[in-house]
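Work out the full structure: start from the sequences and follow the hints.
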Amino acid sequence: MAMKTEPFVVNIGPQHPSTHGVFRMKLTLDGERIIDVDMILGYLHRSMEKLAEERTYTQNIPFTDRADYLAAMTGNLAYCLAAEKLAGVEVPERAQWLRVIMSELQRIASHALAIGTFINDCGAWHTPLMYMLREREKVLDLFEMACGARLTVNYMRIGGVAFDVPDGFVPACRALVKEMPDRIAEYEGLLLENEILVARARGVGILPADMAIAYSISGPMLRGSGVAWDLRKADPYAVYDQVDFDIPVGTNGDSYDRFLVRMEEMRQSVRILEQGLDALPGGPVNVDIPVALMPPPGETYARIESPRGELGFYVVSDGGPAPFRFHIRAASYINLSALREMTVGLTVADAIVVLGSVDIVMGEVDR
Amino acid sequence: MPFDWLRAGPPLAEWWDLRDLGNAVGGLLGWIDDRGGPSWLPYVVSGLIGIVGILLWSVFSQLFFVWAERRLVARIQVRLGPNRAGPLGLLQPVADALKVLTKEMITPRNADRLLFWASPILVMVPALVVFAVLPFGERMVLADLNVGVLFVIAIGSINTIVVFMAGWSSSNKFSLLGAMRTVAMLISYELVQVLALLAVVVFTNSMRMGAIVGWQDDFNTWIVFVQPLALLAYIFAGAVEINRTPTDIAEAESEIVAGYHTEYGGIRWGMFQLAEYVAGFAIAAIVVTMYLGGWTLWGLEEWVPGWLIFLGKLYGFFFVFIWMRGTLPRLRVDQLMGFAWKYLLPLLLVNVLLAGLEVLIWQENGFAAEAVLPAFAVANWALAVVLVVGWGQVLGHLRPEHRAKRPVLVKEVGAILYEPYPLRPGGSVPEA
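Protein sequences, first through last, are from chains A and B.
Reminder that position 63 of the first sequence reads as 63 in our numbering, one-by-one numbering, no gaps.
Reminder that position 411 of the second sequence reads as 778 in our numbering, one-by-one numbering, no gaps.
Hints in this document: simulated from the structure, not taken from any laboratory.
One thing to keep in mind: the hints can contain errors.
With beta-carbon atoms standing in for the labels, derived distance ranges [stated by the list, open to error]: (1) B:Arg770 <-> A:Glu90: 47 to 53 Å; (2) A:Gly148 <-> B:Leu447: 23 to 29 Å; (3) B:Lys470 <-> A:Ala149: 22 to 28 Å; (4) A:Leu51 <-> B:Glu786: 51 to 57 Å; (5) B:Leu447 <-> A:Leu192: 27 to 33 Å; (6) B:Glu779 <-> A:Val291: 39 to 45 Å; (7) B:Val445 <-> A:Tyr69: 22 to 28 Å; (8) A:Ala149 <-> B:Val687: 39 to 45 Å; (9) B:Leu447 <-> A:Tyr69: 25 to 31 Å; (10) B:Gly683 <-> A:Gly189: 43 to 49 Å; (11) A:Met39 <-> B:Arg770: 49 to 55 Å.
No farther apart than 27 Å at their CA atoms in a straight line, the calculated lysine-lysine pairs in the DSSO-like style are these [as the list claims (entries may be wrong)]: (12) A:Lys26 <-> B:Lys540; (13) B:Lys540 <-> A:Lys178; (14) A:Lys4 <-> B:Lys540; (15) B:Lys778 <-> B:Lys709; (16) A:Lys233 <-> A:Lys178; (17) B:Lys778 <-> A:Lys233; (18) B:Lys778 <-> A:Lys178.
Computed from a predicted model, the values in this text were never measured in an experiment.
Ideal placement from N, C-alpha and C gives every residue a C-beta, glycine not left out.
And the structure:
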């Protein structure tokens, strides 16, 4: 006998422990099974792109800290690259390498947090998160050493970086580089073969390669889906063409693959850091630019591989001191767009795991 | 004599003999009897003493264990844990309790008021009542029922109804989801629990808790040595019943906020927490009584109070739950139920059958216990390992899609290494 049932709607968020901020998922459920997902954004909208049109090019850098607040360094870098391209500013060698070092440190910090919160979403009671926060803390200490801030660093400048690193920075960074491989191996030992984690994450939230490309997904999500694509190799910026590293690629495109890719990327970042610290040349870290930088009229788009994927800045100049148009191609916003494809047909518990594996930062999604 | 049950068994020692607090109670009752008090009075007095003792013990234990768990989990999580309130943070539970007591209790507008109000009170009942039949010492049992095991199982399942009441009456979708999950899960694991305890009963030939401890004392062996599989299954079932991470599916924080007690605040929420702890102690106490020799410790109970041995074992076992909470992620509800139905249940059925056969062989041939029990222990442990691993193989838990893997490392961009996830015939993604 068929019983008459009705689907019911559950709002996950905007205030919910696992929505990583103020994201709202409107799930239509048949029992525990999801038959529809409605994504509702905008709770953290701060009108960043419009505000940027009223400020000078240098004044806009702090906005990029606050877009993706878990990867402020890469946010800074992408915007500075765009502004430099527009104004035709050359960046000194030392600043280039410092940018690479900072980006990779930021990637370690961001991935550590992403993995920690992902496993939290799988239901572990904060233990992996605490371990990951321990590593992130060390990176944040290095940032504090370099620029005095830990989260919203505001470190990069158009034409270089704000300050040279202090004397203690390179040894401290080397200590981290020396320690990290052991730590990563420890986490892999604890997490990779955890039966429950494999059961929860493998085969959950599958995103096939063709669909990932069609949705313009980037970053660890795209690589998890088996597409070998990394802007650091495909379109090298700073001095990434001079460092040697591998691109980790998953094969099934499930949540577990995305987690694996992030884990391995931390190890590759350590490799890049090693090379960067060895190659770090002397010299100036900045060039003088006018206080009111007025690039010639024109438009540009600069993109980098942020921890979450392709972070691009589209900046249009009308020749004035402020950008005419300022647009952020936020990686996690575009990665999020495939959520519906990944979650329909799964259960509520799986939807949380999939959302965790996307690794969104609402500051970047809503801007 | 109105209280033969108390004077049955070994003779009472002096009232100040703290090896068994039953001596003191017996002494008091004897004193009442000698003064010619009414015949019902000793029953009432002994009952009240037991009830007050269990209540006080459970609340104070819970307060201590809130602290202990927070400190231990903090160490697991490379943190320090509470260390500000009082020495070593020992006053932290008091501060927490005061906070919980002073918080506002909100009743949602659409709530079913009677059920919403009653659930936090009722949830304590099954957790506490279980202790009535559990022997803390040789004579330290409130009601030594001859169907103690049955009582424990029956009372344990009342919990399901209370949790469902709480979830339903809150008129919150998260609560309802949590409540539905609880009902589905507890019904599945009820069977596991019954079969795990049944194997013990087959061996000891009694449902009286005291007799089960007595059996283990007589034969100088713990049930766990002859029934390892039953203990393993019971630990899983117990972990599910007390709703703590990693089996806290009914209140999965990252999914459905707090499950059935999402809408509860203040001391009502506190009651759910208290009940969760007390139910945890109850499960640990049942494990200790049924599988780990209860208040006996190979003769040491002659020197050390038996109730201290019992509590030591109980707290030691409770540490396993804390440890699990600190280390494991959570299964999905269908995976957890699949584990009960597909994995534990067949194994336990085989186990009960074998237990019956063993007892039959033993009793029919009149073998000496010293000879048979070690043989059974060796056989059952070997069998447990074979069954656990073998049945896992049969169910395919070692198939490639259940195994960990590594990402592929490439040097060049552009390649596409995507392979469709291995599908079962019929096109569905295999369930873990």
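Right, here's what the structure says about each hint:
| no. | hint | in the structure |
| --- | --- | --- |
| 1 | B:Arg770 <-> A:Glu90: 47 to 53 Å | holds (51 Å) |
| 2 | A:Gly148 <-> B:Leu447: 23 to 29 Å | holds (27 Å) |
| 3 | B:Lys470 <-> A:Ala149: 22 to 28 Å | violated (36 Å) |
| 4 | A:Leu51 <-> B:Glu786: 51 to 57 Å | violated (45 Å) |
| 5 | B:Leu447 <-> A:Leu192: 27 to 33 Å | holds (28 Å) |
| 6 | B:Glu779 <-> A:Val291: 39 to 45 Å | holds (43 Å) |
| 7 | B:Val445 <-> A:Tyr69: 22 to 28 Å | holds (24 Å) |
| 8 | A:Ala149 <-> B:Val687: 39 to 45 Å | holds (44 Å) |
| 9 | B:Leu447 <-> A:Tyr69: 25 to 31 Å | holds (27 Å) |
| 10 | B:Gly683 <-> A:Gly189: 43 to 49 Å | violated (27 Å) |
| 11 | A:Met39 <-> B:Arg770: 49 to 55 Å | violated (33 Å) |
| 12 | A:Lys26 <-> B:Lys540 | holds (12 Å) |
| 13 | B:Lys540 <-> A:Lys178 | violated (49 Å) |
| 14 | A:Lys4 <-> B:Lys540 | holds (19 Å) |
| 15 | B:Lys778 <-> B:Lys709 | violated (44 Å) |
| 16 | A:Lys233 <-> A:Lys178 | holds (25 Å) |
| 17 | B:Lys778 <-> A:Lys233 | holds (9 Å) |
| 18 | B:Lys778 <-> A:Lys178 | holds (23 Å) |
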